[in-house]
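Novice: My request is simple: use the sequences and hints to build the entire structure.
Protein chains: 2
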Amino acid sequence: MLRARGGWRALRRCASLPRARRAVRLRVREALGAPEPADEVQVQGWVRSVRSQKEVLFLHINDGSSLENLQVVADPSLENRDLTFGSAVEVQGKLVKSPHKMQNMELKAETIRVVGPCDIWSFPLKMKKRHPLEYVRQFPHLRCRNNTLGSLLRIRSEATAAIHSFFQDNGYVHIHTPIITSNDCEGAGDLFQIETSNKARESAEKTHFFNVPAFLTVSGQLHLEVMSGAFTHVFTFGPTFRAENSQSRRHLAEFYMVEAELSFTESLQDIMQVMEDLFKTATSTVLSKCPRDVELFHKYMAPAQKVINVTEKSCNCVAAVDLLVPGIGELCGGSLREERLPFLKSRLQRLGLADAYQWYLDLRKFGSVPHGGFGMGFERYLQYILGVDNIKDVIPFPRFSHSCLL
Amino acid sequence: MLRARGGWRALRRCASLPRARRAVRLRVREALGAPEPADEVQVQGWVRSVRSQKEVLFLHINDGSSLENLQVVADPSLENRDLTFGSAVEVQGKLVKSPHKMQNMELKAETIRVVGPCDIWSFPLKMKKRHPLEYVRQFPHLRCRNNTLGSLLRIRSEATAAIHSFFQDNGYVHIHTPIITSNDCEGAGDLFQIETSNKARESAEKTHFFNVPAFLTVSGQLHLEVMSGAFTHVFTFGPTFRAENSQSRRHLAEFYMVEAELSFTESLQDIMQVMEDLFKTATSTVLSKCPRDVELFHKYMAPAQKVINVTEKSCNCVAAVDLLVPGIGELCGGSLREERLPFLKSRLQRLGLADAYQWYLDLRKFGSVPHGGFGMGFERYLQYILGVDNIKDVIPFPRFSHSCLL
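If you're matching them up, the sequences are chains W and A in order.
Once you know that position 107 of the first sequence is 107 in the numbering used here, the rest is easy, because the numbers rise by one and skip nothing.
Once you know that position 308 of the second sequence is 308 in the numbering used here, the rest is easy, because the numbers rise by one and skip nothing.
Since the hints were derived computationally from the structure, they do not count as laboratory data.
Bear in mind the structure is a predicted one, so any value in this text is a computation, not a measurement.
A hint or two may mislead.
Given that identical chains are not distinguished, each listed pair holds provided it fits within a single copy or across any two copies.
[Claimed, not checked] BS3-like cross-link-like pairs, simulated, lysine-lysine; straight-line CA separation at most 27 Å: (1) LYS206 with LYS108; (2) LYS299 with LYS128; (3) LYS126 with LYS365; (4) LYS280 with LYS101; (5) LYS126 with LYS345; (6) LYS129 with LYS365; (7) LYS365 with LYS128; (8) LYS94 with LYS129; (9) LYS97 with LYS345; (10) LYS54 with LYS101; (11) LYS108 with LYS128; (12) LYS206 with LYS345; (13) LYS108 with LYS94; (14) LYS128 with LYS54.
Specialist: This is the structure:
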């Protein structure tokens, strides 16, 4: 319904008429890092500032490829009413060495086309204003155009890639553990349950879509244990859920967990080593891939916090470990699992779960091995390395008690 | 509850006593690919076959790092009752050049320890038997120990990594679009709705956890459109849901979608180019990273299907495109979106949705740009490149009507 455009317009575009001039299209990041000047360059993006002087017009253009803007220098005759903060533009011209120390290149505009104007009076972001995170949080559809959230989401993206690479490089198989699960043994009070939206029919027929009650996952651990019995080293990185009735700065109803499981592991030290290597590798990748974005946070967000190597390990000697960090709490939790069939069986029998978890017992019946694993809260990880106080500010679309915007 | 082991045992392990001998631990894949012989090697894994001759005992060991097994050659005196198909073992010995053409290295065992025996009478997988996919599908907790599913999940993992790399390498920002959403405009009949498991209280108080009805996402498109207004090029790769009442070989209730959105895009050609590049890059990465795993499928699954370049593009000239493939149907769907405020507004008003989607209109009010994107069904992609008939066989834990095992 919201997809296709009208026919005549699409046809015009489908025809892909040759443009009058063939300029090289560059992202802002590429233009800023260009090794040498170039003629016939085209840059597209959103205007972050307009400064009109008598003899020259300055624009700053951002396209989300970096925190830094590209400075555009133009003749004042190119100014027009729609060329405002927030408008989308396409600038064509020459890329030249900038006379300013702070930037490598700037764009001498020959043409400036306003692709989409911006109604600045109702636009909640204002030019050259440092909006607090609490303020931009009110506009979930626009806050990504704010510098801080822009940097945050670029960092989140790089950290995601770094985590995938870390595990792949170390021989782990990635598993999409299920989101919908019939397991309800862990923390049953805080689960989300799933029904089809056609609930009337389901309750009239007293049926469930899946035949059994189904829930949103709280952890991929049990499913990873299944897979660690075939691949030895496995990991998952996906959404997990808690129906926790809290609007605190620490809680989300939907958040991301990195979880790993290792077979033939008899010592917590092995698990802790992976946790530490993951943390260090992801963090150093982020620092090297987006230094300016990280700098923004360390300058404005976390003046007092020392990042990295401020970690407390608490080994409680029942073969479980938590990694606690100041201001955030538990960042990682790991443990060795019970691999011995008789012990696990008697425990599940006492809890009346032996039938429901026969499959889990089966894993111990057919080539069981000592194994263990851990989970790391991805949002807490980002909060920690960047010094962000509220967990709602490190996820693109926060979901929490009483709030599911967009 | 299922996590911590008893204290004394864990303590023993925490102490991490030095082993009698320090052998180099190798994965099967590493052992098979070792450039030269080595003494003092340790390999852990599961027994795939046992063949006992008068003067020699042969084992095949697999640890999930590759489809190929490592051959272990041992003195028959090392045999024991628990050393069966499916048991977990730790073998120590010398890695030597194999006299067989088909393998590079084999392991001359000095010690064999059965870490976990396997109850072969009740174990549903049998030695040297090629089980049909329909058969192993009955055992979702054990089927990953089957060759075909093992190869499938390694390929799935490599394809996942390749898709992330493709987008990262091309300047896309990865966005975790939300799983829980309050949007219900698309295909409302097939949505899953979410409640807390404490439904009694909610219905007594006539409230929702999120204040509004909440659903499992059917697509990240609208949220990517938000983000493409800041980062220009964005992508997501996550679970999507349909409450479709079907047990056919084509449908899952939970499946994965790769979705991308591109700003400043005026032509469907641009979208189609990205679709094609994604497909080619992911597929060639898979082919080069796990040739043996792919070979297994092409040998046994898809004898008649020509993979890659068998694709039909259907451009219906209303600025939407579907990529249809034989036997599977729609693999990708893409379109240009309506970026013009007045057109979109009047359409939403006619549908009575203008208030609910004010945020979506806002995107067109503040620096709107022509944009478009596409989605690719990840399971269908895997089915297509591997020639797998049933979608339930290309996902670790299939969820569909009447079935949510584990």
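Novice: Next, verify each hint and record whether it holds.
Specialist: Here is how each hint holds up against the structure:
{"no.": "1", "hint": "LYS206 with LYS108", "verdict": "neither (70 Å within a copy, 61 Å between copies)"}
{"no.": "2", "hint": "LYS299 with LYS128", "verdict": "within (17 Å within a copy, 62 Å between copies)"}
{"no.": "3", "hint": "LYS126 with LYS365", "verdict": "between (64 Å within a copy, 15 Å between copies)"}
{"no.": "4", "hint": "LYS280 with LYS101", "verdict": "neither (33 Å within a copy, 43 Å between copies)"}
{"no.": "5", "hint": "LYS126 with LYS345", "verdict": "between (62 Å within a copy, 25 Å between copies)"}
{"no.": "6", "hint": "LYS129 with LYS365", "verdict": "between (63 Å within a copy, 20 Å between copies)"}
{"no.": "7", "hint": "LYS365 with LYS128", "verdict": "between (65 Å within a copy, 20 Å between copies)"}
{"no.": "8", "hint": "LYS94 with LYS129", "verdict": "neither (30 Å within a copy, 68 Å between copies)"}
{"no.": "9", "hint": "LYS97 with LYS345", "verdict": "neither (72 Å within a copy, 44 Å between copies)"}
{"no.": "10", "hint": "LYS54 with LYS101", "verdict": "within (23 Å within a copy, 81 Å between copies)"}
{"no.": "11", "hint": "LYS108 with LYS128", "verdict": "within (22 Å within a copy, 71 Å between copies)"}
{"no.": "12", "hint": "LYS206 with LYS345", "verdict": "neither (33 Å within a copy, 42 Å between copies)"}
{"no.": "13", "hint": "LYS108 with LYS94", "verdict": "within (5 Å within a copy, 68 Å between copies)"}
{"no.": "14", "hint": "LYS128 with LYS54", "verdict": "within (21 Å within a copy, 84 Å between copies)"}
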